[in-house]
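Heads up: the protein sequence lines correspond to chains A and B, in order.
No gaps in the numbering here: position 91 of the first sequence is 561 in the working numbering, and each next residue is one more.
No gaps in the numbering here: position 20 of the second sequence is 111 in the working numbering, and each next residue is one more.
It is possible that some hints are incorrect.
[Stated by the list, open to error] The calculated label-pair distances, taken between Cβ atoms and stated as ranges, are:
1) I203(B) - R569(A): 39 to 45 angstroms
2) R569(A) - P279(B): 43 to 49 angstroms
3) R569(A) - I193(B): 56 to 62 angstroms
4) R213(B) - V480(A): 16 to 22 angstroms
5) W114(B) - G517(A): 27 to 33 angstroms
6) T107(B) - G517(A): 51 to 57 angstroms
7) G219(B) - F549(A): 45 to 51 angstroms
8) W477(A) - G219(B): 45 to 51 angstroms
9) Q552(A) - G215(B): 54 to 60 angstroms
10) Y155(B) - V553(A): 21 to 27 angstroms
11) G215(B) - V480(A): 48 to 54 angstroms
12) V284(B) - M530(A): 44 to 50 angstroms
13) G517(A) - V246(B): 30 to 36 angstroms
Keep in mind that the hints were calculated from the coordinates and are not lab data.
As the structure is a computational prediction, the values presented were derived from the model and not from experiment.
Quick reminder that beta carbons are idealized off the backbone N, C-alpha and C, glycines included.
Chain by chain, the residues:
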Amino acid sequence: MIFDSEWASVGALIFAVFGFGYAVLAFAHVRIDNCDMKELARLRAEGILPEKVELIRDFMAIHRKLDEIAPAVYLRQEFWIQVYFQVLRFAHWMEWRARFVERELTKLSAYQANHYRTAMIRMERLQNPAL
Amino acid sequence: MSVSLTIWLSVCSATTIAIATTWRRGLGEVRYFVRWYLLAALAEDCATHFALLRFGYRSAEYKYVYFGADLAVVVIGFFVLARLVELAFEKSSLRLPGVRAIALLVFTGLAICSAVVVYMLRGGLSTGTLGLELEQNFSFLGMVLAIVLFAVINVIQVEGVRFRRLVLSFSLLYGAGAIIYSLTAIVPQFREVTTYAVPITSLAGMLLIAYSLWVPEPEMAPGLTRRFEVAA
């Protein structure tokens, strides 16, 4: 019992449950935090994405492009990304914590953009094995 | 095969798998610290199991071995966290001197405070009461420290999926302990469940550490760079 107090233990329990929940989510989310954010700008510069930033449309555009080539290069689209995107899309529509949601949507698009780049490189290797 | 033997074998197997993953290629300096931590955890598992077989669950000897070894492993885990903090700061322009000394002071201070509070409120220091108090306080502290470290990693933008996952594994390991010991403190009847819940969380924690070390960094396209990466 924390300092032999039941109330302190209740407080510790509540905090621990929140901390534990946060750590579980962060563990799953860590790859999105770690992705290269510059990749989105590169896709824009290459004309793959429109110049004007539009979070939902950008993600869907990259997702569609990945859908086209991912199976050919043995790249598996992760199901949870689509689920997370739909959650964020709903939150964006509801305007809950708009800045956080926008940041998360940008990170998610960047994560997918990194996948797209990887898929393109694999495709190039398949087409030109000598490279 | 008895339940305790099954649990012990499962936890030992998970810890051994985690130890084996520390030899995986591409891991940085942190693997040595994690390896020593995991070896200490394996030694603890063996010591407590043999104490249980020799002296029995209700014996004073088993309590000494269990609480002594478990707390030692928890404190070694804190030093691994302190080393992770140092590694995170090494590549940044920020400086954080005396991390290990501060960590040592925090652990010692918490242990002394816990002992004094138990002594003043209970009029004595029984192994079980002091052990449970220390376990709960240290687990809680470990969880908080690991989450703070994760927040720092995010703020100073240290990259590396393995490194982040390793920190979060420790947070989950300590967090699970904090939840179990807090529940035991609030609902004493929960103690029967604790007997099984503690090794199961240890098992899950070891598997998480093994997973964090085993899964390689995601494939990066040539030309893409991470800001500063910590190998772990």
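Each hint tested on the structure:
1. Between I203(B) and R569(A), the C-beta spacing of about 44 angstroms keeps the proposed range 39 to 45 angstroms intact.
2. Distance hint check for R569(A) and P279(B): the Cβ-Cβ separation is about 45 angstroms, which falls inside the suggested range of 43 to 49 angstroms.
3. A beta carbon spacing of about 34 angstroms between R569(A) and I193(B) contradicts the range 56 to 62 angstroms that was offered as a hint.
4. Take R213(B) and V480(A): their Cβ atoms lie about 20 angstroms apart, and the range 16 to 22 angstroms holds.
5. For the hinted restraint 27 to 33 angstroms between W114(B) and G517(A), the CB-CB distance of approximately 46 angstroms leaves it violated.
6. For the pair T107(B) and G517(A), the beta carbons lie near 53 angstroms from each other, so the given range of 51 to 57 angstroms is met.
7. Distance hint check for G219(B) and F549(A): the Cβ-Cβ separation is about 47 angstroms, which falls inside the suggested range of 45 to 51 angstroms.
8. Checked against the hint of 45 to 51 angstroms, the pair W477(A) and G219(B) fails, with Cβ atoms roughly 22 angstroms apart.
9. Hint check: Q552(A) to G215(B), Cβ distance near 59 angstroms, so the stated range 54 to 60 angstroms holds.
10. The supplied range of 21 to 27 angstroms is broken by Y155(B) and V553(A), whose beta-carbon atoms lie about 49 angstroms from each other.
11. Taking 48 to 54 angstroms as the suggested C-beta distance range, the pair G215(B) and V480(A) does not conform, at roughly 25 angstroms.
12. V284(B) and M530(A) have their C-beta atoms about 47 angstroms apart, which keeps the hinted 44 to 50 angstroms range intact.
13. Taking 30 to 36 angstroms as the suggested C-beta distance range, the pair G517(A) and V246(B) conforms, at roughly 35 angstroms.
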